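Chain B: place on chain A using the hints.
Protein chains: 2
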Amino acid sequence: MWVKPHPDFSPEKPLFLCILANTETAKIPNISAAGKSPKLTDYTPAADAELVETGNAISINEPAMTPSGAPSPAVITRASMLLTEIPCLFINAGLRIRPKIPTIDINAQPGGDIRTGKAVADAIDIYNKSKALGKKLSKFSDFVIIGESVPGGTTTAMAVMKALGYDGKVSSSFPENPLDIKNMVVSEGMRNSGISFGSLRNQPLRAVGCIGDPMMAAAAGLVDGLETKTVLAGGTQMVSVLSIIKHLGLKKDVSIATTCYVADDPSANFREMTEILGYKAYAADPGFDNSKFPGLRMYEAGDVKEGVGAGGAMFAAAMMGVSQKEFREKTEEVCGSIFGI
Amino acid sequence: MWVKPHPDFSPEKPLFLCILANTETAKIPNISAAGKSPKLTDYTPAADAELVETGNAISINEPAMTPSGAPSPAVITRASMLLTEIPCLFINAGLRIRPKIPTIDINAQPGGDIRTGKAVADAIDIYNKSKALGKKLSKFSDFVIIGESVPGGTTTAMAVMKALGYDGKVSSSFPENPLDIKNMVVSEGMRNSGISFGSLRNQPLRAVGCIGDPMMAAAAGLVDGLETKTVLAGGTQMVSVLSIIKHLGLKKDVSIATTCYVADDPSANFREMTEILGYKAYAADPGFDNSKFPGLRMYEAGDVKEGVGAGGAMFAAAMMGVSQKEFREKTEEVCGSIFGI
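In order, the protein sequences belong to chains A and B.
The working numbering applies: residue 610 is where the first sequence begins, and numbers increase by one.
The working numbering applies: residue 610 is where the second sequence begins, and numbers increase by one.
The set of hints was computed from the structure by calculation and includes no laboratory data.
Any given hint could turn out to be false.
Unchecked claim - Straight-line C-alpha distance at most 16 Å; calculated EDC-like pairs for lysine to aspartate or glutamate:
#, chain 1, residue 1, chain 2, residue 2
1, B, Lys744, A, Glu694
2, B, Lys748, A, Glu621
3, A, Lys748, A, Asp833
4, B, Lys745, A, Glu694
5, A, Lys901, A, Asp873
6, A, Lys748, B, Asp734
7, A, Lys744, B, Glu694
8, A, Lys748, B, Asp833
9, A, Lys727, A, Glu797
10, A, Lys709, B, Asp734
11, B, Lys855, B, Asp833
12, A, Lys645, A, Glu671
13, B, Lys745, B, Asp833
14, B, Lys709, A, Asp731
15, B, Lys748, A, Glu694
None of these values were measured; they are calculated from a predicted model.
So that you can see chain A by itself, here it is in the shape it has in the complex (with noise of 0.2 Å):
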């Protein structure tokens, strides 16, 4: 199914907005497949976002898909940019190459490699700026929704939650969770920040500065300083984020919105961890089962899953009144005019 209907998301001024962040962590082999090569993933975010704003990654050659074939998800997202008329802002919250499109810069530096327990030097300083944002970005906006592009953004996901006492299990990019290296690194940065399994649950930012990324940092000051309903769009790292504001104790209207890829991994626990922390979850299914293009398929078969706030801006397309049928075919538009096929 498309998405169940909502009644109560009727906005009239939605805004869909989108944080980039780089992390060392990204480059650690075989961990993320949002790039071609792990230090590739450093040009993932901004080619996600020029894609998304004009129809073509400028600041890579590469075509914007997995090592395997798989489109990038920011061709979801465009198509439902271009269904929705719906503003998109992209958030620089610590990129390495930043995109060739305008962006709202928060002036914050890129992530470290978790396994050494310094993951963001910045996170409250990120926090406050991100709240300041949201404040101002109310008198725009009823209904925002916030996407991410984060290469390696599971693996941090799933470090925090471990840190706040959760067994939060992440999906990934591959169609094999490669879970062991996973875990692994979340071990290591553990042991070297002298965390253990729930130790943080009273300071979800520390977990962040020492294991997380900055995006999370970033989306939990946003959702603090925002006066409107707001969706946080993505998978489990949006998860992770809902877990960020749950131990800072935030009383907001936020809810999450993810593909049914990400809701239906079998790795993963989405719909568990959602319920446990008590937001209300929504899954989008574009149907791509049907689609003529081999690489929207390839989603059906586990590969991306999510990404660039796809599960959220096909959420709000659906509220939008747009259908599963004309969204597929928006987004094989967009596919074909991107890729030539």
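Below, chain B without anything else, positioned relative to chain A:
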């Protein structure tokens, strides 16, 4: 007089933009008072933005004032933002020092020294990205005010106006306008880029590229993209932007607002130029002659005069019903909390 009433301005969703850029031109000795020393002008736009946003110029230790002790015009802009609650977004159009607050980054390079004849390598790129940004921001507003903080910007303004065939006499942040230095610098730039008076009247962006600054390309691009009523907030720097807009043939609802200090500056020809160019011009008088602060009374003697959109910020406050007295008192309050006087 504060500001003459203008019944055609009754904005519902006003938005204040402030374009920030550095140039090497600003570092020519004695050309700009926008910083304690020529080298420190690199910090001025960042500090101005921080001051408007937070009441504190985070990036510099020096007080935010001219060498002679007059406060940055950012205090005026901050007073307006506090009184009107207009949301304010800063645009990084080529900075050496990024502000420690969220800004919109269009991924532009700082400007060069116009004496080389190679001032803005990416003028057309800046224009196009700003146009796209303007289009997007139109979704959030019906009335956009565009200010700037670009040290050394009156010299580049003079240069571009000459290239387009205007004897635009520009103002200065010094009480004694260093017109000799400016003329020498402009002549050298024109010579080195093969430009004569009026020779680029059909190529305004080429004029910016040779002897302008990045702010000009950004401001003109924004005006092109915006589908709103637009007011350029500034003195002779914004007059030069008007000349660019006119020579690009843009048909837009655009006018200009500045302070009485620029409008009545006998060394400049603000009113004459706006008449020649054919745009409506407004001037605001904050009544600083009655201020208890010596630093603000220095404006009456010709220090500072304008910047950070101060004139347009006052204009907007007046349009929204703020009186001259309320405005002056709020500016004094801002000065008091910043300078502890």
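Hints and how they fare:
1. Lys744(B) <-> Glu694(A): holds (12 Å)
2. Lys748(B) <-> Glu621(A): holds (12 Å)
3. Lys748(A) <-> Asp833(A): holds (15 Å)
4. Lys745(B) <-> Glu694(A): holds (10 Å)
5. Lys901(A) <-> Asp873(A): The hint is violated at about 23 Å.
6. Lys748(A) <-> Asp734(B): violated (29 Å)
7. Lys744(A) <-> Glu694(B): holds (12 Å)
8. Lys748(A) <-> Asp833(B): Roughly 24 Å separates the two Cα atoms, so the pair is violated.
9. Lys727(A) <-> Glu797(A): holds (12 Å)
10. Lys709(A) <-> Asp734(B): holds (9 Å)
11. Lys855(B) <-> Asp833(B): holds (11 Å)
12. Lys645(A) <-> Glu671(A): Given pair Lys645(A), Glu671(A) holds - Cα atoms ~8 Å apart, limit 16 Å.
13. Lys745(B) <-> Asp833(B): holds (12 Å)
14. Lys709(B) <-> Asp731(A): Within the cut-off at roughly 12 Å; holds.
15. Lys748(B) <-> Glu694(A): holds (10 Å)
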